[in-house]
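All chains should be modelled from the sequences, with the hints used to inform the complete structure.
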Amino acid sequence: MPTLPLAVAIADAVSNAQRRRLPLDVEAKTNHLLDAYPGADATRSDIADTLRAESAAAGILALAEQD
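At position 7 of the sequence shown (counting the first as 1) the number is 7 in the working numbering, and the numbers step up by one without a gap.
For the record, the hints were derived by calculation from the structure and aren't laboratory data.
Fair warning: there could be bad hints in the mix.
Computed beta-carbon distance windows for the label pairs [claimed, not checked]:
hint, residue 1, residue 2, range
1, 21, 41, 31 to 41 Å
2, 46, 15, 12 to 22 Å
3, 39, 59, 30 to 40 Å
4, 5, 45, 16 to 26 Å
5, 44, 12, 10 to 20 Å
6, 34, 64, 16 to 26 Å
7, 31, 61, 26 to 36 Å
8, 49, 15, 25 to 35 Å
9, 64, 20, 15 to 25 Å
10, 31, 53, 11 to 21 Å
11, 53, 19, 13 to 23 Å
12, 7, 28, 15 to 25 Å
13, 3, 57, 17 to 27 Å
Ideal Cβ placement from N, Cα and C applies to all residues, glycine included.
This is the structure we're talking about:
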C-alpha cells in the first residue's frame, strides 16, 4: 500500500493537535496509525519519529513515549 494515506493521517494528527492547542501523544497516535494503516511501508519507529519531527516543526509539544 502506498504511504500517502499514512502521511496525510500524520499531517492531520499534527494539525488537529495544533488547532486544539493540545500536546500530541506520540505513543498513542503511533499505535493508532499502525492499526489503521497496516499495509503502509513504515515501522513504529518511522511513524513516531515523523510525528515528533512534524510536531516540533509545527511548534506543538509531543508527549514522550512511556518506557
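Hint check:
A hinted range of 31 to 41 Å holds for the C-beta pair residue 21 and residue 41, which are about 33 Å apart. Separation of residue 46 from residue 15 is about 19 Å and conforms to the stated range, judged on CB atoms against 12 to 22 Å. For the pair residue 39 and residue 59, the supplied restraint of 30 to 40 Å holds, since their beta-carbon distance comes to about 32 Å. Separated by about 19 Å at the C-beta atoms, residue 5 and residue 45 satisfy the suggested range of 16 to 26 Å.
Between residue 44 and residue 12 the CB atoms are about 19 Å apart, so this pair conforms to the stated range of 10 to 20 Å. Taken as a hint, the range 16 to 26 Å holds for the pair residue 34 and residue 64, whose Cβ atoms sit roughly 18 Å apart. Distance hint check for residue 31 and residue 61: the Cβ-Cβ separation is about 19 Å, which falls outside the suggested range of 26 to 36 Å. A hinted range of 25 to 35 Å for the beta carbons of residue 49 and residue 15 is inconsistent with their spacing of about 18 Å.
Checked against the hint of 15 to 25 Å, the C-beta distance between residue 64 and residue 20 comes to roughly 19 Å, which is consistent with it. Checked against the given bound of 11 to 21 Å, the beta carbons of residue 31 and residue 53, roughly 18 Å apart, stay inside it. At about 19 Å, the CB distance of residue 53 to residue 19 agrees with the hint of 13 to 23 Å. At roughly 19 Å, the beta-carbon separation of residue 7 and residue 28 lies within the given 15 to 25 Å, and the hint holds.
A beta carbon spacing of about 19 Å between residue 3 and residue 57 agrees with the range 17 to 27 Å that was offered as a hint.
Hint compliance for this structure: hints 7, 8 are not met, and every other hint is.
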